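Enquirer: Use these hints to put chain A onto chain Z, whose structure you have.
Each chain is listed here by its residues.
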Amino acid sequence: MSGPLLKIAHLSKRFDGIVALSNVSLSVHPCEVVGLIGPNGAGKTTLFNAIFGFIRPESGEILFRDQNLVGKRPSQVARLGIARTFQDVRLIHHLTVLENVLLCFQDQPGERLAPLFFQQKWTRTVETANREKAMALLADVELTGHADECAEVLSYGQQKLLSIACCLAGHAELLLLDEPVAGVAPQMLERILGVIHALSHDGKTIIIIEHNMDVIMQTCGRIVFMAAGEKVAEGPPDAVRNDPRVVAAYLE
Amino acid sequence: MEYMLHIAILIGIYSILAVSLNLVVGHLGLVSLAHAVFYGIGAYAAAFVALRLDLPFPCGVVSAILLSCVLGVLVGAPSLRVRDEYFVITSFACQIIAFSVFNNWPQVTGGPLGLPGIPPPGLLGWSLSSKWAILVLTGLFCLSTLLIAHRLVHSPFGRVLKAIREDEVFAEAHGKAIAHFKIVTFVISAGLASMAGVVYAHYISFIDPTSFTLMESILVISMLIIGGSGSLGGPFLGAILLVALPEALRFVGLPSGVAANVRQVFYGILLVLFMVFRPQGLLGQYAFDAARDKA
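Protein sequence lines, in the order shown, are assigned to chains Z and A. Heads up: the first sequence begins at 5 in this note's numbering, then just goes up one per residue. Heads up: the second sequence begins at 10 in this note's numbering, then just goes up one per residue.
For reference, chain Z alone in the conformation it holds in the complex:
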């Protein structure tokens, strides 16, 4: 595959007259790790929400493997192979850690009535296989020991790791990580970074929103800087970091 995996063209969105996204264009190629930076209110999370179908842009298009995502529901976008985490970590707190991962597998026969009642053997086989895969994913993020605990008892950093494991259960090719290391202890930060590096090594395409510049510099091959809903600068980490517009925006 040579073309971009994700191609955003001329995307605009307003909320009650406030410009949230203004003519944003961005291409992400397979296996790339792109950092999305900018001050609060720059439109970074809005861009994620637009890609995922949580909000509908007024104009522009979002192509994922040449399919237009605009107008699709979030569940449809997820099934196409995109997964995301949320800034304010979202998980199902009443389910166990393992069940949270199990929930996120796609096309489970046990979620449909006919197999659930009439093809119980198939349903069980798939569930058992998913359980094994889920345990492997938990091992990747070092949460195996917590598999049977309720998700709510995990520390904040562990919850962030679990939400990444949930994204992987769905076989997503493109991961949108919204502040994956914000608010976690330094040790946990290293652990989460390790996981992200491993993912990028495995060929996942990743877009990261993050305020921690060190993390962005270490992790991303390319940085996109947004301010007031517009893409202001884009390029290799060092170039963007020293861009006068970026410096100005951060010093303001």
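Please keep in mind that the hints were generated in silico from the structure rather than gathered at the bench. Each hint should be verified, as a subset may be incorrect.
As the list claims (entries may be wrong) - Computed beta-carbon distance windows for the label pairs:
1) A:P264 with Z:R128: 53 to 61 Å
2) Z:A133 with A:V91: 31 to 39 Å
3) Z:M139 with A:L254: 46 to 54 Å
4) A:G242 with Z:K125: 23 to 31 Å
5) A:V91 with Z:S29: 52 to 60 Å
6) Z:F121 with A:S136: 26 to 34 Å
7) Z:Q71 with A:L254: 57 to 65 Å
8) A:P255 with Z:Q71: 53 to 61 Å
9) A:T219 with Z:K137: 54 to 62 Å
Quick caveat: nothing in here was measured; it's all calculated off a predicted structure. Quick reminder that beta carbons are idealized off the backbone N, C-alpha and C, glycines included.
Expert: Just chain A now, kept in the frame of chain Z:
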């Protein structure tokens, strides 16, 4: 003895209603005020099939379930897409509409006069006219309701329901078509409730619109509040308590005019006490709470 059997049959009928409503209230976290609609549809469909079409009992069961499911889709598809708080209102509206239809369509429902003379259920040439036979039949329906509910809840399907209950955004972001799961659950709940109606119609042998009012929907919700929603035993316990306790009050020796009012007051006090001191009910896992945090 006959009286005890009567109470046991009523408990069975209300258990079917409570267990089926629990799928929507306890597992989806949506408060439906329209459960008596499907109870009524089941009863009227069974009565119509037996009296007007003169077809055997199993045909009545099948048509009651089918009709109820179809109506479940018609009611659920538009109203489950709106926000949770509004669902309470739309289900309330459905309940009002259904009551008017039961009350004002004499050709089919007999209007306010109801449909008398519904025969006892017949199966393979037997007529189940004794209370024991009806009790066994009710027990079977009750058991199948429990088994179906149990299978649904303890499965990947049930896992999605728990996720929807707690955080729709998370479920949606991980590829779960939420509206679809809500409608399927609502329709199954409607289909199961209709079985209670079938048993009721054939057992009492007379039905009229007053058996399927908003009060009846609220009674079933009360069973969930007291027994506990979200668990499998809770609705069952709620049905036993709310059918048996008022009957027990009969024997306290109050004059009959006073007794009916005392029973209402008793209900009210019980509900208030539960909401204040034990919102999750006797055996429930979740507090009874329609307005959850959903960003």
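Enquirer: Each hint should be assessed against the structure and marked as holding or not.
Expert: These are the hints, each one checked on the structure:
1. Distance hint check for A:P264 and Z:R128: the Cβ-Cβ separation is about 60 Å, which falls inside the suggested range of 53 to 61 Å.
2. Distance hint check: the CB atoms of Z:A133 and A:V91 are about 38 Å apart, consistent with the given range 31 to 39 Å.
3. A hinted range of 46 to 54 Å for the beta carbons of Z:M139 and A:L254 is consistent with their spacing of about 48 Å.
4. Separated by about 28 Å at the C-beta atoms, A:G242 and Z:K125 satisfy the suggested range of 23 to 31 Å.
5. Against the hinted window of 52 to 60 Å, the Cβ-Cβ separation of A:V91 and Z:S29 comes to about 36 Å, which falls outside the hint.
6. Distance hint check: the CB atoms of Z:F121 and A:S136 are about 31 Å apart, consistent with the given range 26 to 34 Å.
7. Range check, Z:Q71 to A:L254: about 59 Å between beta-carbon atoms, so the 57 to 65 Å window is met.
8. The beta-carbon spacing between A:P255 and Z:Q71, approximately 60 Å, falls within the hinted interval of 53 to 61 Å.
9. For the pair A:T219 and Z:K137, the supplied restraint of 54 to 62 Å holds, since their beta-carbon distance comes to about 55 Å.
Of the numbered hints given earlier, the model fails hint 5 alone.
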